[in-house]
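Q: If you count the sequence shown from 1, position 196 lands on 255 in the working numbering, and the numbers rise without skipping.
Treat the hints with caution; some may be incorrect.
Unchecked claim - Cut-off 27 Å, straight-line C-alpha distance, at most; resulting in silico cross-link-like pairs (DSSO-like, lysine-lysine): (1) Lys281 <-> Lys269; (2) Lys269 <-> Lys255; (3) Lys296 <-> Lys255; (4) Lys279 <-> Lys161; (5) Lys255 <-> Lys279; (6) Lys161 <-> Lys142; (7) Lys289 <-> Lys269; (8) Lys289 <-> Lys279; (9) Lys296 <-> Lys269; (10) Lys289 <-> Lys270; (11) Lys281 <-> Lys255; (12) Lys281 <-> Lys270; (13) Lys259 <-> Lys281; (14) Lys296 <-> Lys279; (15) Lys77 <-> Lys67; (16) Lys259 <-> Lys269; (17) Lys77 <-> Lys161.
It is worth saying that the hints were derived from the structure and are not from the lab.
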Amino acid sequence: DDGFFSLKIRRNSECSVKVEVFYEGNATHEGAYARETVHFLRFPVWIRLESDRERVAVGENVSFIGIASDELPLEVIVNSERKLQLAGRNFSFSMNFPSAGKYEIYARFPGDGLRRPAESNRIEISVFEPYWKSLTEINFPFLALLLALLASAFAAGIFGREKKLEGAFEEKKKEETRTELPENSFENLFNSLVEKFGLKRGLTPRELLKKMETQPFYGKLKEVVELHEKFAYAGIKLSSEEEERFFRLISELMLQI
Numbered sequence: 060d061d062g063f064f065s066l067k068i069r070r071n072s073e074c075s076v077k078v079e080v081f082y083e084g085n086a087t088h089e090g091a092y093a094r095e096t097v098h099f100l101r102f103p104v105w106i107r108l109e110s111d112r113e114r115v116a117v118g119e120n121v122s123f124i125g126i127a128s129d130e131l132p133l134e135v136i137v138n139s140e141r142k143l144q145l146a147g148r149n150f151s152f153s154m155n156f157p158s159a160g161k162y163e164i165y166a167r168f169p170g171d172g173l174r175r176p177a178e179s180n181r182i183e184i185s186v187f188e189p190y191w192k193s194l195t196e197i198n199f200p201f202l203a204l205l206l207a208l209l210a211s212a213f214a215a216g217i218f219g220r221e222k223k224l225e226g227a228f229e230e231k232k233k234e235e236t237r238t239e240l241p242e243n244s245f246e247n248l249f250n251s252l253v254e255k256f257g258l259k260r261g262l263t264p265r266e267l268l269k270k271m272e273t274q275p276f277y278g279k280l281k282e283v284v285e286l287h288e289k290f291a292y293a294g295i296k297l298s299s300e301e302e303e304r305f306f307r308l309i310s311e312l313m314l315q316i
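Kindly produce the complete structure, drawing on both the sequences and the hints.
A: Below, the structure written as structure tokens:
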């Protein structure tokens with residue numbers, strides 16, 4: 060009587076419903092028509108995934124933990140292939156990788172009648188060959204030749220320093236040729252360590268040293284960092300003995316990593 064009316068509509072699946080209302084009119088009122096479309100949508104859900112590390116050797120386990128917005132049946136996808144099926148709101152799993160390379164992992168909910176499909180964030184894992192396996196693949200004759208050449212180069216350098224330079228001009232020219240070489244050598248070592256161990260390039264030398272505490276070459280690296288700080292930060296020129304040891308330690312470290 061007051062002109063208001065209501066209508067309840069319910070659906071059990073995602074769809075759109077068109078509602079139309081007609082009034083034919085009478086002697087006093089004109090006819091009328093109204094239309095409305097109602098969209099029944101499935102509930103959105105979300106999934107979040109984390110790993111304990113993102114760089115491992117072949118065969119090492121990586122642990123994953125995750126959380127979803129609801130109790131969901133989940134699939135774990137590795138490089139576009141389904142590898143695991145899980146269920147729950149809080150979930151965890153671990154896996155290892157049979158060969159070196161990059162692997163993309165994420166969790167997926169395929170959707171159902173009430174909830175929309177969803178995918179978690181994607182995690183990329185870098186897998187490298189173990190150190191012992193890399194050693195077995197070294198070309199040992201080539202390595203022996205390389206070590207012999209390095210030893211010869213060091214011996215020639217030491218012998219050359221023991222000889223008296225002929226004239227102040229030649230001595231000055233040699234010093235100018237070596238300008239910035241220690242800094243460049245340290246930068247090459249720094250970049251090699253960052254790439255080898257998957258570290259951030261924004262680390263300071265001291266932060267890099269802290270990361271390498273468990274490595275067998277830590278003692279050599281500590282001495283190199285201290286010599287680097289002496290000439291790079293304190294501005295103190297290295298003695299010829301310090302400079303010789305600096306280059307020798309860097310060469311040994313480059314071979315070890």
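Q: Each of the hints needs a verdict: does it hold here or not?
A: Tested hints:
With a CA separation close to 9 Å, the supplied pair Lys281 and Lys269 stays within the 27 Å bound. The suggested pairing of Lys269 with Lys255 holds, with an alpha-carbon distance near 16 Å, which does not exceed 27 Å. In summary, the hint linking Lys296 to Lys255 is not supported, as the alpha carbons are separated by about 30 Å, beyond the 27 Å threshold. Pair hint Lys279 plus Lys161 does not hold up; C-alpha atoms about 32 Å apart against a cutoff of 27 Å.
Under the criterion of a C-alpha separation no larger than 27 Å, the hint pairing Lys255 with Lys279 is consistent with the structure, at around 17 Å. About 16 Å separates the Cα atoms of Lys161 and Lys142, which keeps this hinted pair within 27 Å; it holds. Distance restraint check for Lys289 and Lys269: the Cα-Cα separation of roughly 18 Å lies within the 27 Å cut-off, and the hinted pair is therefore satisfied. Restraint check for Lys289 and Lys279: the C-alpha separation of about 16 Å stays at or below 27 Å, so the hint holds.
Restraint check: the Cα-Cα separation between Lys296 and Lys269 comes to about 25 Å, which is no more than 27 Å; the hinted pair holds. Between the alpha carbons of Lys289 and Lys270 the distance comes to roughly 21 Å, so the proposed pair stays at or under 27 Å and holds. With a CA separation close to 18 Å, the supplied pair Lys281 and Lys255 stays within the 27 Å bound. Among the hinted pairs, Lys281 with Lys270 is consistent with the structure: their alpha-carbon atoms are about 11 Å apart, no more than 27 Å.
Of the pairs offered as hints, the one joining Lys259 and Lys281 holds, with about 19 Å between alpha carbons and a cut-off of 27 Å not exceeded. Annotation: proposed proximity of Lys296 to Lys279 holds, straight-line Cα distance about 20 Å (limit 27 Å). For a cut-off of 27 Å, the pair hint linking Lys77 to Lys67 stands: about 13 Å separates their Cα positions. Taking the CA atoms of Lys259 and Lys269, the gap is about 13 Å. The hint holds against a cut of 27 Å.
A C-alpha spacing of about 50 Å is found between Lys77 and Lys161, which places the hinted pair above 27 Å, so the restraint is violated.
Hints 3, 4, 17, counting from the list given before, are not met by this structure.
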